[in-house]
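Q: Given next are the chains, with one letter for each unit.
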Amino acid sequence: MMYGYDKMSMDLLQHELVPKHEILSDEEKNELFTKLHITKNDLPKILDSDSVVKKIGAKKDDVLRITRTSSTAGTAIYFRLVIPE
Amino acid sequence: MVYRISELHFSLLSPDVVKNLARVRVVTADLYDADGYPVEGGVMDPRLGVIDPGLHCRTCGGGIGDCPGHLGYLELAKPVINVLYTKVVYQLLKMVCRKCQKVMVEEGKERKSKRKHKITISDVEANIDLDSVIVQPATCPFCKTKSKKITFVKPYTYYEEKKELSPMDIRERFEKVSDKELTKVGFNGGRPEWLILTLFPVPPVTMRPSITLEGGERSEDDLTHKLVDIVRINQSLKENIDIGAPEFILNDLWELVQYHISTYFDNELTGAPLARHRSGRALKGLIQRLKAKEGRLRGNLLGKRVNFSARTVISPDPRLSINEVGVPESIAQELTLPFYVTTKNVKEAQRLIRNQKANYVIRPDGRRIKITEENKTEIVQNLIEGWIVERQLENGDVVLYNRQPSLHRMSIMAHRVRVMPYQTFRMNPSVCFPYNADFDGDEMNVHVPQTEEARVEAAMLMAVENNLISPRFGGPVIGLDLDQISGIALLTKAETKLSRRDATLLFGLAGFAMELPAGKEELTGKELFSLLLPEDFAISGYRSNFYKNRKIEKKGEDPDEWIEIKDGKLISGIIDKQSVAAENGKLIQKLERMTNPTTAKMFIDRAGRLGAAYLMLRGFSLSIADLDLPPEAQTKTREEIQKAEEEANQLIVQYQTKELTTLPGMTRKESLEAQIMNALASGVSRASDVVETSMKPNDIRNMYLAGSKGSVITTTQMAAVVGQETILGKRIKRGYQKRTLAHYKEGDLTPGAHGFVAHSFKQGLDPFEMMWNIMNGREGLMDKSLRTRKSGYMQRRLINALQDLKVMHDGTVRNAHGRIIQFTAGEDGIDPSKSDWGTIAWKDRLDMMVKE
Ligand SMILES: [Mg+2]
Ligand SMILES: [Zn+2]
Ligand SMILES: [Zn+2]
Chain P
1 MMYGYDKMSM
11 DLLQHELVPK
21 HEILSDEEKN
31 ELFTKLHITK
41 NDLPKILDSD
51 SVVKKIGAKK
61 DDVLRITRTS
71 STAGTAIYFR
81 LVIPE
Chain L
86 MVYRISELHF
96 SLLSPDVVKN
106 LARVRVVTAD
116 LYDADGYPVE
126 GGVMDPRLGV
136 IDPGLHCRTC
146 GGGIGDCPGH
156 LGYLELAKPV
166 INVLYTKVVY
176 QLLKMVCRKC
186 QKVMVEEGKE
196 RKSKRKHKIT
206 ISDVEANIDL
216 DSVIVQPATC
226 PFCKTKSKKI
236 TFVKPYTYYE
246 EKKELSPMDI
256 RERFEKVSDK
266 ELTKVGFNGG
276 RPEWLILTLF
286 PVPPVTMRPS
296 ITLEGGERSE
306 DDLTHKLVDI
316 VRINQSLKEN
326 IDIGAPEFIL
336 NDLWELVQYH
346 ISTYFDNELT
356 GAPLARHRSG
366 RALKGLIQRL
376 KAKEGRLRGN
386 LLGKRVNFSA
396 RTVISPDPRL
406 SINEVGVPES
416 IAQELTLPFY
426 VTTKNVKEAQ
436 RLIRNQKANY
446 VIRPDGRRIK
456 ITEENKTEIV
466 QNLIEGWIVE
476 RQLENGDVVL
486 YNRQPSLHRM
496 SIMAHRVRVM
506 PYQTFRMNPS
516 VCFPYNADFD
526 GDEMNVHVPQ
536 TEEARVEAAM
546 LMAVENNLIS
556 PRFGGPVIGL
566 DLDQISGIAL
576 LTKAETKLSR
586 RDATLLFGLA
596 GFAMELPAGK
606 EELTGKELFS
616 LLLPEDFAIS
626 GYRSNFYKNR
636 KIEKKGEDPD
646 EWIEIKDGKL
656 ISGIIDKQSV
666 AAENGKLIQK
676 LERMTNPTTA
686 KMFIDRAGRL
696 GAAYLMLRGF
706 SLSIADLDLP
716 PEAQTKTREE
726 IQKAEEEANQ
736 LIVQYQTKEL
746 TTLPGMTRKE
756 SLEAQIMNAL
766 ASGVSRASDV
776 VETSMKPNDI
786 RNMYLAGSKG
796 SVITTTQMAA
806 VVGQETILGK
816 RIKRGYQKRT
826 LAHYKEGDLT
836 PGAHGFVAHS
846 FKQGLDPFEM
856 MWNIMNGREG
866 LMDKSLRTRK
876 SGYMQRRLIN
886 ALQDLKVMHD
896 GTVRNAHGRI
906 IQFTAGEDGI
916 DPSKSDWGTI
926 AWKDRLDMMV
936 KE
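First to last, the protein sequences are chains P and L.
First residue of the first sequence? That's 1 in the working numbering, and the numbers climb one at a time after it.
First residue of the second sequence? That's 86 in the working numbering, and the numbers climb one at a time after it.
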């Protein structure tokens with residue numbers, strides 16, 4: 001490895017532009033699907049090659065809860081389904 | 086059951102498919118026989134469908150409208166290239182080995198289709214790769230045969246070195262290529278030999294109907310003309326082959342068939358002459374039917390002409406309510422809506438017909454009868470339940486009113502009809518803002534909803550009074566304008582007092598009756614304005630526009646500064662732009678929120694008329710003398726301008742002696758320019774301050790203070806100094822070499838040589854200054870037209886992308902597939918059109934609820 005590489009790299013999840021991503025448990029997933037009357041395919045998608053997805057170790061068919069800052073509501077919650085590239 | 090389309094597969098049409106679809110084998114170029122009947126085996130064969138009313142189809146038995154039309158086919162004596170695929174043919178010819186018929190792509194270098202789905206026609210082209218695989222391999226990697234150079238000459242000729250490849254040669258070559266070989270270049274949309282036509286599909290007559298002219302003579306569609314040519318030449322070619330005619334004759338005819346079939350597909354081919362009608366008009370090919378503005382897609386599918394609509398010039402009429410539209414008698418008589426006759430309304434229906442207020446009746450059997458002076462008594466007698474009377478537009482009817490470009494939903498609103506004399510649509514000037522209309526020749530459209538449901542929907546969802554608050558920013562889009570604001574503002578100034586007599590006169594001018602407070606001989610303007618407000622209305626907490634630029638002082642000192650309305654009484658503050666204008670009017674917004682749309686509508690109607698009426702009563706006028714400043718102020722402004730110019734000249738000297746500070750991120754020249762602009766601008770701004778403070782009260786000032794028109798800047802430009810004119814935000818520098826005009830010395834950097842106008846409009850501009858002013862004016866004009874076009878297109882793209890997104894009942898935003906786009910609409914779940922400037926004023930809402 002390049003000398004000092006570890007010092008140069010940074011934690012992606014700590015960056016101010018990266019919102020909080022959490023993997024939903026199976027119960028949480030089912031709750032979400034029943035609440036919105038949807039199947040997983042109706043959710044917005046995120047590729048499994050996405051840096052954050054890789055970092056938090058999410059896999060295909062996982063649903064991520066993303067907490068973003070919002071100019072209208074302060075914070076806004078989004079859900080995305082992990083799909084293979 | 087709803088099925089979801091999983092896959093759509095396009096491919097080339099094969100001769101077998103054409104033959105299976107076809108019901109007629111076309112063998113003759115004749116259209117009609119001596120008796121005028123269509124010839125069997127001709128391109129108007131009755132088995133191809135019906136276009137004449139009353140007749141039935143020989144193939145399916147359906148009448149006009151039921152019969153979809155049926156395909157025919159023509160056996161071509163010799164194959165021809167399909168011009169729409171000449172590029173694919175070219176690429177394939179280059180890639181296929183002339184000896185072993187393999188696709189000359191080395192193993193492991195095959196193109197893989199990037200798509201998971203089956204290949205489409207466009208993929209046939211995309212994968213054959215019109216750009217990158219253009220290089221023809223020199224030798225075949227399999228049999229090592231040297232390739233011969235293939236060239237393509239538009240519109241449809243191919244050569245292999247010097248030898249011309251006939252469509253027949255090409256077809257033979259393609260037939261021998263295996264399907265597996267073809268996948269190497271991603272060609273899997275059918276067989277390549279289908280790119281060369283052997284069976285020509287003859288389209289149904291329903292897509293090329295002939296029209297009968299007055300004299301009984303038939304006029305055929307362009308496509309039919311083209312088909313006749315194709316069949317005629319093809320027959321002639323066939324006969325010549327049969328009699329063993331010499332090669333050159335056959336080739337000429339073959340070439341002609343190719344030409345006619347090519348122009349049938351596309352009559353704008355490069356390299357081929359236009360196929361013309363006898364009159365010299367270019368014939369329309371299939372491509373021309375679909376393409377461009379007037380084509381099937383843009384002209385018929387994305388946009389249509391409609392019935393029950395009218396268009397004319399608009400003009401203002403403040404006596405109309407904002408939800409009304411004045412419709413000219415001549416238009417009202419032409420536009421109709423169906424009146425369904427029942428046992429309960431026969432009398433009314435008869436009255437309509439007798440008074441010539443209806444144009445047609447429709448009998449239960451569907452017959453439409455025009456009502457005339459002669460037959461109207463007969464119709465009245467026959468009129469019973471079940472008939473439909475097409476009655477003319479009358480007062481109170483709901484119509485949609487629209488001005489293009491329809492950029493937001495308030496561009497089309499529902500209005501109530503007022504039938505009026507003269508030839509223009511009349512509207513209340515307060516609704517100009519949402520339509521972005523003015524009266525310099527603008528035209529608008531009216532549409533008449535034809536069903537009860539449509540009318541109710543229009544009246545409830547699209548009514549003007551239900552669209553007072555913008556769904557974009559949560560403020561009013563309808564409010565007072567111009568003189569209406571000036572008038573209301575002057576009326577509600579604390580100093581305004583009217584005698585009881587004048588107050589009566591004022592409402593007389595405004596055209597509505599008001600009960601004046603009893604027992605008062607003198608009424609203040611604030612009291613009169615309060616009469617328009619509901620009794621329990623209250624608003625406060627903002628300042629009138631008159632005080633917008635002043636320092637906030639202690640509240641309560643000035644009876645005109647802070648707006649306070651309590652129990653429907655205006656206690657303090659001037660009612661101006663901040664209260665009643667479109668976009669800014671807080672009073673209108675709160676009125677709409679806290680009372681109801683009808684009350685708000687009434688308020689706008691009355692306040693507008695009251696404002697204009699007060700100006701009439703008071704008098705409102707400008708004079709050139711209004712722009713006179715007191716002598717001290719004049720000297721002061723002149724000094725300020727001179728000072729600024731001297732400052733600029735100082736900067737120029739510093740620049741020339743290299744003493745000028747260079748600003749960060751700028752070159753020396755840029756620094757100079759920035760600092761000159763700065764110096765001049767602050768000079769103008771100081772002059773502007775003088776104008777603002779020293780100008781005597783007059784109606785120009787009243788207008789900008791009330792916010793109805795003009796500003797301190799425009800007033801300064803008229804009274805004191807116009808200031809720097811710019812091009813692309815910089816001082817003017819274009820023109821001659823190293824100078825802006827021939828009259829200046831090269832390298833002159835002074836303000837006057839670069840667009841600074843030191844005079845005011847009232848003083849008059851010198852010729853140079855006028856030049857600068859006009860240059861700036863022209864830039865503005867150009868910029869405006871370019872900007873509107875660009876932003877118009879961007880808006881269109883955006884709207885097309887978002888048009889089927891919908892806020893569902895659970896608050897999510899979903900697209901047409903039901904897929905979620907946003908989990909809470911706008912992330913905060915607030916509908917701006919039901920909000921207070923995008924948020925919810927909880928305190929006000931609670932207060933209202935507590936009161937109830
Ligand atoms: Mg106009
Ligand atoms: Zn038919
Ligand atoms: Zn070969």
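It is worth saying that the hints were derived from the structure and are not from the lab.
Quick caveat, the model's predicted, so the values are computed rather than measured.
All C-beta atoms in this analysis are idealised placements derived from N, C-alpha and C, irrespective of residue type, glycine included.
Treat each hint with caution, since some may be false.
To be verified - Once the Cα atoms are required to be at most 20 Å apart in a straight line, the calculated EDC-like pairs of lysine to aspartate or glutamate come out as:
#1 K20(P) / D913(L)
#2 K20(P) / D895(L)
#3 K45(P) / E324(L)
#4 K35(P) / D913(L)
#5 K29(P) / D895(L)
#6 K35(P) / E912(L)
Claimed, not checked - Per the computed footprint, the stretches of chain P lying under chain L, defined by three or more beta-carbons under 8 Å from a beta-carbon of chain L, are:
#7 37-44
#8 72-83
Q: Does each hint fit the structure? Answer for all of them.
A: Going down the list of hints, with the structure as the test:
1. K20(P) / D913(L): 19 Å, holds
2. K20(P) / D895(L): Not satisfied, since the Cα-Cα distance of roughly 24 Å exceeds 20 Å.
3. K45(P) / E324(L): Violated. K45(P) to E324(L) sits at ~64 Å, over the 20 Å cutoff.
4. K35(P) / D913(L): 19 Å, holds
5. K29(P) / D895(L): 18 Å, holds
6. K35(P) / E912(L): With Cα atoms ~18 Å apart, K35(P) and E912(L) stay inside 20 Å; holds.
7. 37-44: holds (count 6)
8. 72-83: That given contact holds, which follows from 6 residues of the segment 72-83 of chain P lying within Cβ reach (below 8 Å) of chain L.
Comparing the model with each earlier hint shows violations of hints 2, 3; every other hint is respected.
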